[in-house]
Amino acid sequence: MKVIKIDKKHWAGGIEKSRSAYRLFGPVMVENKDFSEFKELDAGEMPDMKATDTRTSPKSICFPPEEVMLEYSTDEACDDCNLMKVPEKNYSPRAAIGIRPYDAAAYLVVKKNFDTPEYRDPYWCDAYEACTFIGLAVNHPSRLDFSTSTNSGPFDESGLDVLLVDMGDHYFAKVITEKGDAYLKAAGWEKSAGKDAEQQIKDLKTQAEKAIQSTVSFDRIKEKSIMDLHGAEFWNDIAFSCINCGTCTYVCPTCWCFDIQDETRGKTGVRIKAWDSCMYPLFTIHTTGHNPRETKVQRVRQRFMHKLKYYMDKYQEGIMCVGCGRCIRSCPVNIDIRRVCQVMNG
Amino acid sequence: MLAYIDKIKEISDRLLQEKKVDLIIGFRKGTLPMMNEPCFVRSSADVKNLVWDSNCGINLANYLTNRKEKIGVIAKGCDSRNIVTHIIENKISRDQLVIIGVPCKGMIDRRKVYAAAGQEVTEVVEQSDAIVIQFAGGEKTVKKTDVLQDNCAICIHRNPVISDEMVAEPVEEQKGVDRYEDVRRVEAMSPAEKWNYFEELLAPCIRCYACRNACPLCYCPTCFVDESKPQWVGKTLDPIDTRTFHFLRAYHCAGRCTDCGSCVRACPMGIDVRAFTKKLEKDALELFGWEAGMSLDVRPTLDTFKPDDPNTFIK
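Respectively, the protein sequence lines represent chains A and B.
Residues 1 to 346 (the working numbering) are what the first sequence spells out, left to right.
Residues 1 to 315 (the working numbering) are what the second sequence spells out, left to right.
Just so you know, the hints here were simulated from the structure itself, not pulled from any lab data.
Bear in mind the structure is a predicted one, so any value in this text is a computation, not a measurement.
All residues carry an ideal CB built from backbone N, CA and C; glycine is no exception.
Please note that the accuracy of each hint is not assured.
If the Cβ cut is set under 10 Å, some of the chain A residues that face chain B in the computed set are [said to hold, decoys possible]:
1. Y72
2. K111
3. I243
4. T284
5. T287
6. N334
7. R339
Use the sequences and the hints to build the structure in full.
And the structure:
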């Protein structure tokens with residue numbers, strides 16, 4: 001395992017240098033707001049490595065809120081009349097700088113949905129394959145971070161190509177994959193960190209994991225039957241305060257649902273993939289007008305059952321949550337997935 | 001306001017014991033600082049879970065829509081005005097409700113507290129007029145009036161306008177408040193400046209509809225943005241669609257909005273949604289002398305007309 005030392009004096013220069021080979025994505029503060037977002041960086045724009053807890057998650061790097069899948073024209077004068085075509089896409093190498101380790105781990109969760117033996121979502125997969133994940137370890141976890149309970153953690157390497165660790169005046173860059181190695185070379189960071197770097201990273205990791213105060217348990221959910229959980233009394237209590245907005249699903253790094261919409265203008269049109277939310281009645285309504293999830297309680301139950309039970313039963317790899325705490329922080333009425341998990345596990 | 005809770009519990013317990021209501025709608029302690037969660041209580045044994053402090057900003061009228069039970073509901077000034085509006089608009093009937101009125105001195109804007117702390121807040125302790133913000137390695141005391149929600153700071157109807165039980169004597173109403181300084185600032189802008197102002201205001205919107213869903217006025221069985229046959233509005237973050245949603249929603253609230261601040265409080269992206277609704281509130285007041293939800297006995301300004309209306313279009 002190789003560890004590179006990046007002096008912070010060489011940080012901006014390296015980022016700049018890497019732009020010739022990569023489209024860069026990173027956290028930046030939103031203008032006039034007290035929060036940051038993960039976005040494609042403009043020319044000259046630097047990732048704000050102090051603002052990596054973005055309000056919405058970095059899932060948008062490969063799964064933007066909306067994306068044109070196909071375009072068409074019904075103009076008979078045009079060669080491709082009435083044919084759906086994939087528009088030109090840019091899958092040149094891209095890099096996510098400063099992504100949180102658990103946010104990168106969320107990509108592995110989402111991948112289970114978009115990249116299966118039967119179906120491959122080309123838009124997500126092509127973007128994912130083009131992306132190098134340069135994560136920043138969380139030295140000081142927030143009070144809402146429960147990532148150590150969810151198979152992830154503040155130094156989790158599973159979704160990353162490089163793990164950066166902030167050491168004050170320099171970063172250690174732990175190379176995890178060849179993709180990561182290639183990025184560091186493109187940035188011109190090649191100075192070995194020396195022998196004890198790995199031990200220092202390990203110590204910080206232990207320290208960060210110890211600092212996490214928030215945990216969830218789902219061992220008993222696993223043993224419970226779906227029907228018992230589905231029919232449980234507690235859903236009325238859990239769902240009562242919910243206003244059925246889409247905040248939790250939109251800020252979540254693992255929520256993968258989308259809608260497909262056609263938008264037409266004159267004789268041309270596009271077919272769009274756009275984020276959708278199981279909190280919305282429209283999500284499930286049939287063309288007949290029948291809605292199998294007509295009430296709020298049904299929709300709230302669906303979200304938590306999917307994350308904490310169906311997913312776990314289907315993939316046998318824990319829950320569909322990486323413990324980032326975004327939904328807890330942003331929920332207008334304080335519905336807390338940790339509390340719901342505790343109730344379900346009770 | 002902190003002293004209210006004992007009285008709230010006493011009234012709630014009595015109403016449940018005497019079977020005057022099937023449930024009480026109030027707040028329980030949340031899991032984050034400055035976040036209490038709306039909840040219902042059906043039995044005396046659970047009354048102990050109710051809380052009251054300056055973190056009860058969510059408008060509970062929103063939880064009454066189309067309910068069938070007999071309900072005891074805790075109501076601040078703004079909630080009570082939305083309850084009046086709900087009754088007038090037939091979303092709940094007066095005789096289903098026992099309104100437990102709470103004279104209010106304003107709710108805390110958690111974002112202002114976070115800004116004052118400048119770091120992650122571990123706990124917030126409320127004293128009568130001060131807020132003690134605790135964080136790793138220290139604490140800071142701020143005046144409550146410095147961290148009130150914007151709408152609370154200019155509120156002139158803190159006392160419930162309708163109630164069956166009051167938890168305390170009315171508080172003094174704020175006098176001499178300039179409620180529309182911000183609206184006038186926008187009104188004075190050139191069309192281009194206005195356009196930019198609203199464009200920037202809406203730029204962070206993610207179309208989660210938290211503003212709409214937190215609003216007691218937004219109870220349409222199917223919102224126009226959710227109509228699919230025909231579909232009036234696109235689903236993406238296209239600025240035209242986002243704008244359409246916000247503009248139309250605001251106009252649906254004209255003459256109905258009580259400036260309870262729920263929309264702003266709910267928005268995960270920190271958008272000042274009140275920038276839309278306040279202009280309409282000002283117009284309703286200045287053009288029709290109308291304030292929403294003040295009385296059960298007067299029809300709302302937008303569902304009446306006068307034969308001597310100065311405009312000709314209605315004649």
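Against which earlier hints does the structure fall short, listed by number upward?
-> 1, 2 and 4
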